[in-house]
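Asker: First to last, the protein sequences are chains A and B.
Under numbering that gives the first Met the number 0, the first residue of the first sequence is numbered 0, with each subsequent residue one higher.
Under numbering that gives the first Met the number 0, the first residue of the second sequence is numbered 0, with each subsequent residue one higher.
No lab work stands behind these hints: they were computed from the structure.
Some clues are possibly wrong.
[Stated by the list, open to error] List of simulated lysine-lysine pairs, BS3-like, C-alpha gap at most 27 Å:
1. B:K66 x A:K33
2. B:K52 x A:K39
3. A:K10 x A:K41
4. B:K55 x A:K10
5. B:K105 x B:K4
6. A:K41 x B:K66
7. B:K55 x B:K5
8. A:K33 x B:K4
9. A:K33 x A:K23
10. A:K39 x A:K23
11. A:K10 x B:K5
12. B:K52 x B:K105
13. B:K5 x A:K23
14. B:K51 x B:K66
15. B:K105 x A:K39
16. A:K36 x B:K55
17. B:K66 x A:K10
18. A:K33 x A:K10
19. B:K66 x A:K36
20. A:K10 x B:K4
21. B:K105 x A:K10
22. B:K4 x B:K51
23. A:K10 x A:K39
24. B:K5 x B:K105
25. A:K10 x B:K132
26. A:K23 x B:K4
27. B:K52 x A:K23
28. A:K33 x B:K70
29. A:K23 x A:K41
30. B:K70 x B:K51
31. B:K105 x A:K33
32. B:K51 x B:K105
33. B:K55 x B:K4
34. B:K52 x A:K33
35. B:K70 x A:K10
36. A:K23 x A:K10
37. B:K66 x A:K23
38. A:K36 x B:K105
39. A:K33 x B:K132
As the structure is a prediction and not an experimental result, all values here were calculated from the model.
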Amino acid sequence: MTQEDMAQEVKVTRQTINAIENEKYDPSLELAFKFSKLFKAKIEEIFSYEE
Amino acid sequence: MKVSKKEQSYTIMRLVIAFLIAAVIGFAIVTRNLIGAIIILFIGLFLLVFMKKRYKDVVIADERTQKISEKAIAGAFWIYIVCIVLANFAVFFLGPLNLEIIDRIKPAVNHITYTFFFLIFLYEALRYYYTNKM
Numbered sequence: 000m001t002q003e004d005m006a007q008e009v010k011v012t013r014q015t016i017n018a019i020e021n022e023k024y025d026p027s028l029e030l031a032f033k034f035s036k037l038f039k040a041k042i043e044e045i046f047s048y049e050e
Numbered sequence: 000m001k002v003s004k005k006e007q008s009y010t011i012m013r014l015v016i017a018f019l020i021a022a023v024i025g026f027a028i029v030t031r032n033l034i035g036a037i038i039i040l041f042i043g044l045f046l047l048v049f050m051k052k053r054y055k056d057v058v059i060a061d062e063r064t065q066k067i068s069e070k071a072i073a074g075a076f077w078i079y080i081v082c083i084v085l086a087n088f089a090v091f092f093l094g095p096l097n098l099e100i101i102d103r104i105k106p107a108v109n110h111i112t113y114t115f116f117f118l119i120f121l122y123e124a125l126r127y128y129y130t131n132k133m
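Isolated chain A (complex conformation):
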């Protein structure tokens, strides 16, 4: 799946997907849930939280 496809699926710009991948931007909870639904995985399996 390309960044473009992923962006279209979760209704964000491709630049946002790129920023998330490069750890420049932390997605909102809503967007995290969209990724969770898209990948059929739990949020903790997609994202990790560091204090």
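Fit chain B to the given chain A structure using the hints.
Answerer: Only chain B this time, still in chain A's reference frame:
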């Protein structure tokens, strides 16, 4: 970074429309044709809405772009405040020296200071509104 053709054409079309509207409105204002400017403004708005419907699947704004805008606006707001404070200090402290430049910029500084107070009022009103909403 690869940009899709559709996204690229949408961006170019939006920019072209925005520049054309700005140019025509500028011309209409210079030639004192206010009705023409208003008509062009509405035509431009109609075109932009039409484009948005046509390129429905192209996402140009999302939560990240919104956050970027918020940060940029906040930054611009504070820079504006600092500039106005500095300008007022300059007018206040250099005023007694009777410099020609101070006399010339004083009305402009007063004017932007009034708009600044209006901006602060709007900011507080909207902050109150959103505080109650969220």
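Asker: It remains to establish, for every hint, whether it holds in the given structure.
Answerer: Each hint tested on the structure:
{"no.": "1", "hint": "B:K66 x A:K33", "result": "19 Å, holds"}
{"no.": "2", "hint": "B:K52 x A:K39", "result": "31 Å, violated"}
{"no.": "3", "hint": "A:K10 x A:K41", "result": "19 Å, holds"}
{"no.": "4", "hint": "B:K55 x A:K10", "result": "11 Å, holds"}
{"no.": "5", "hint": "B:K105 x B:K4", "result": "51 Å, violated"}
{"no.": "6", "hint": "A:K41 x B:K66", "result": "25 Å, holds"}
{"no.": "7", "hint": "B:K55 x B:K5", "result": "11 Å, holds"}
{"no.": "8", "hint": "A:K33 x B:K4", "result": "26 Å, holds"}
{"no.": "9", "hint": "A:K33 x A:K23", "result": "19 Å, holds"}
{"no.": "10", "hint": "A:K39 x A:K23", "result": "24 Å, holds"}
{"no.": "11", "hint": "A:K10 x B:K5", "result": "15 Å, holds"}
{"no.": "12", "hint": "B:K52 x B:K105", "result": "48 Å, violated"}
{"no.": "13", "hint": "B:K5 x A:K23", "result": "26 Å, holds"}
{"no.": "14", "hint": "B:K51 x B:K66", "result": "21 Å, holds"}
{"no.": "15", "hint": "B:K105 x A:K39", "result": "63 Å, violated"}
{"no.": "16", "hint": "A:K36 x B:K55", "result": "22 Å, holds"}
{"no.": "17", "hint": "B:K66 x A:K10", "result": "16 Å, holds"}
{"no.": "18", "hint": "A:K33 x A:K10", "result": "9 Å, holds"}
{"no.": "19", "hint": "B:K66 x A:K36", "result": "24 Å, holds"}
{"no.": "20", "hint": "A:K10 x B:K4", "result": "17 Å, holds"}
{"no.": "21", "hint": "B:K105 x A:K10", "result": "50 Å, violated"}
{"no.": "22", "hint": "B:K4 x B:K51", "result": "16 Å, holds"}
{"no.": "23", "hint": "A:K10 x A:K39", "result": "17 Å, holds"}
{"no.": "24", "hint": "B:K5 x B:K105", "result": "50 Å, violated"}
{"no.": "25", "hint": "A:K10 x B:K132", "result": "25 Å, holds"}
{"no.": "26", "hint": "A:K23 x B:K4", "result": "25 Å, holds"}
{"no.": "27", "hint": "B:K52 x A:K23", "result": "31 Å, violated"}
{"no.": "28", "hint": "A:K33 x B:K70", "result": "25 Å, holds"}
{"no.": "29", "hint": "A:K23 x A:K41", "result": "22 Å, holds"}
{"no.": "30", "hint": "B:K70 x B:K51", "result": "25 Å, holds"}
{"no.": "31", "hint": "B:K105 x A:K33", "result": "54 Å, violated"}
{"no.": "32", "hint": "B:K51 x B:K105", "result": "44 Å, violated"}
{"no.": "33", "hint": "B:K55 x B:K4", "result": "14 Å, holds"}
{"no.": "34", "hint": "B:K52 x A:K33", "result": "24 Å, holds"}
{"no.": "35", "hint": "B:K70 x A:K10", "result": "22 Å, holds"}
{"no.": "36", "hint": "A:K23 x A:K10", "result": "19 Å, holds"}
{"no.": "37", "hint": "B:K66 x A:K23", "result": "13 Å, holds"}
{"no.": "38", "hint": "A:K36 x B:K105", "result": "60 Å, violated"}
{"no.": "39", "hint": "A:K33 x B:K132", "result": "25 Å, holds"}
Consistency note: the structure conflicts with the earlier hints numbered 2, 5, 12, 15, 21, 24, 27, 31, 32 and 38.
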